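Undergrad: Listed below, chain by chain, are the residues.
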Amino acid sequence: MRESTIMKIHYGTALAAVALVAVHILMRLTQGFAESLEYENVLANYKLIPYAAMLELILILLAVHGFNGLRVILLELRQGRTYEKAVSYGCLAAMIGLIAYGSRTIIMTNMGMV
Amino acid sequence: MAQVSSIADEKTSTHVSPSSSVLLRISRYNPKHDDSSKFMEFNVPYEKWTTVLEAILEVKKHFDHSVAVRYSCRQATCGSCGMKINGKPRLACFTKISELDSNIITVEPMNNFPIIRDLAVKFERLFDTHQKIKPFLIRDDTELESDEKEFLQSPKELEQYIQFANCIKCGLCNSACPTMATDSSFVGPQALAQAYRYVADTRDKGKDSRLKIIDESHGIWRCHFAGSCSQVCPKGVDPAMGIQFLRGYMLGFRS
Amino acid sequence: MTRDEHKEGIGGMANPTRYGIERVAYWLMRLSGLGLLAYFVAHIYETSNILRGQVGWNEFLELTQTTEGHIFLALVIAMCVFHTVNGIRVMLGHGGIGVGKPARPDYPYEPASQNYRHKIGIYSAILLAAIATMYGLAVMFGE
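So the sequences go chain by chain: A, B and C.
Our numbering applies: residue 3 is where the first sequence begins, and numbers increase by one.
Our numbering applies: residue 23 is where the second sequence begins, and numbers increase by one.
Our numbering applies: residue 2 is where the third sequence begins, and numbers increase by one.
Derived from the structure by calculation, the hints contain no laboratory data.
Please read these numbers as outputs of a predicted model, since none were measured by experiment.
Ideal Cβ positions, reconstructed from N, Cα and C, are used throughout, including at glycine.
Hints are all accurate, no fakes.
FRET-style restraints, in silico, Cβ to Cβ:
#: 1; chain 1: B; residue 1: K229; chain 2: C; residue 2: L52; range: 50 to 58 Å
#: 2; chain 1: C; residue 1: G10; chain 2: A; residue 2: E58; range: 36 to 44 Å
#: 3; chain 1: A; residue 1: A36; chain 2: B; residue 2: K229; range: 51 to 59 Å
#: 4; chain 1: B; residue 1: D57; chain 2: C; residue 2: L52; range: 55 to 63 Å
#: 5; chain 1: B; residue 1: K229; chain 2: A; residue 2: L79; range: 28 to 36 Å
#: 6; chain 1: B; residue 1: E238; chain 2: A; residue 2: V23; range: 26 to 34 Å
#: 7; chain 1: C; residue 1: T18; chain 2: B; residue 2: D150; range: 29 to 37 Å
#: 8; chain 1: C; residue 1: Y136; chain 2: B; residue 2: G274; range: 33 to 41 Å
#: 9; chain 1: B; residue 1: N125; chain 2: A; residue 2: L22; range: 50 to 58 Å
#: 10; chain 1: B; residue 1: F61; chain 2: A; residue 2: I11; range: 46 to 54 Å
#: 11; chain 1: A; residue 1: E37; chain 2: C; residue 2: E6; range: 56 to 64 Å
#: 12; chain 1: B; residue 1: F149; chain 2: C; residue 2: G10; range: 22 to 30 Å
#: 13; chain 1: B; residue 1: S277; chain 2: C; residue 2: N16; range: 34 to 42 Å
#: 14; chain 1: A; residue 1: I8; chain 2: B; residue 2: S277; range: 15 to 23 Å
Given only the sequences and the hints, what does the whole structure look like? Please build it.
TA: Structure representation (structure tokens):
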């Protein structure tokens with residue numbers, strides 16, 4: 003993938019994540035912070051399909067943005083074909099792994115498999 | 023009888039004033055037989071107008087002639103005397119001791135350039151990255167017809183790129199850049215600013231090929247707009263501005 | 002990184018001094034980015050405790066709903082707000098917005114790209130991060 007395409011994705015995920023994370027944080031503030039973290043309330047949030055979809059989207063956007071940022075930092079610290087390939091694929095694997103793990107939580111909780 | 027002028031007595035190049043002297047610490051390092059660099063200290067007299075280069079040359083003249091330093095024009099035109107002065111890359115001929123506001127002046131070779139000896143560094147990487155971005159006009163009609171004249175350009179069109187053409191290849195920007203501090207493959211602010219200089223030139227038709235060259239993992243995208251290059255540029259080239267304009271082309275902000 | 006290349010190294014990259022507030026912003030952006038990534042990974046892990054039912058969830062809350070947990074979260078709020086606001090400023094700058102116009106350079110050769118617009122953007126990011134942190138602390142400790 004061309005570097006310009008990767009960076010456009012980096013900027014796009016950042017802008018989209020800002021809006022969605024703001025909603026996620028506001029959910030904690032509108033209900034009362036401690037109350038919003040109680041088990042039943044959190045469960046109710048996950049059971050709402052739009053909210054669960056929003057969480058999934060945040061997960062994907064931030065995983066892509068975060069691990070691409072890490073990839074950029076690591077590429078600047080050291081160079082070499084093997085190292086650069088290892089960093090790129092390692093970050094991609096970490097991205098996919100985190101999305102998979104987080105999605106598992108969201109899907110299982112949404113389906114009532116707690 | 024013919025008049026014979028006698029050779030003038032050699033005087034010191036600066037007026038010796040006991041109240042105005044500065045401690046000049048010069049980094050000494052010869053890669054051929056030194057393991058690490060060390061500092062040698064000299065008490066050098068100075069006036070309000072004395073530049074760091076003049077102080078170094080004073081050291082060479084009266085204390086240690088073996089100090090290796092590169093210089094030429096003494097007027098911030100040639101870009102030869104770039105070095106780290108009190109922690110910041112500057113031109114030695116363009117930096118007055120009085121403006122540094124310190125009794126101790128530390129001069130070291132520029133970072134991110136291999137050292138030849140003492141204050142002189144190798145410029146091969148800068149020349150290579152500069153050549154990489156094709157620093158010449160690219161056109162199909164390079165063979166001019168006999169009745170063709172010069173390429174016309176309005177003053178407004180000239181103003182779009184003239185500041186970037188002021189680059190004297192001193193390397194201070196490459197020395198200050200945080201990405202250059204760790205990334206051996208990064209193109210560097212000097213080359214990227216020169217890429218913009220040609221892209222912005224209305225006579226040039228090579229925009230696409232240049233953008234393709236810098237669109238790589240160690241190209242323009244490793245610039246993070248820290249702005250240190252523009253902070254140290256002695257000629258007002260403002261490489262950071264050129265790089266962001268160049269990136270604007272790639273992001274669709276400019277066409 | 003060989004000694005031969007005389008690179009400044011990580012120390013040089015991570016040193017925020019010498020070059021003005023823009024270099025400080027670069028350094029804070031990197032720090033906050035790495036901090037937020039670490040928090041994000043930890044957050045995904047800690048919220049997976051919901052799958053352990055009420056008992057598992059309450060165990061996790063005992064760990065995070067403490068004074069230390071609140072202070073840590075306040076730090077995360079600061080990093081998040083700074084990274085967001087400064088990130089928007091940097092993105093605009095990357096598009097060539099607010100970096101000035103090319104002109105014939107003249108002594109003292111002040112760089113137009115290091116202008117008040119971007120400086121205000123950086124200071125705003127720091128200020129908004131401070132305000133958001135104080136608000137977050139008020140919410141968390143006020144209950």
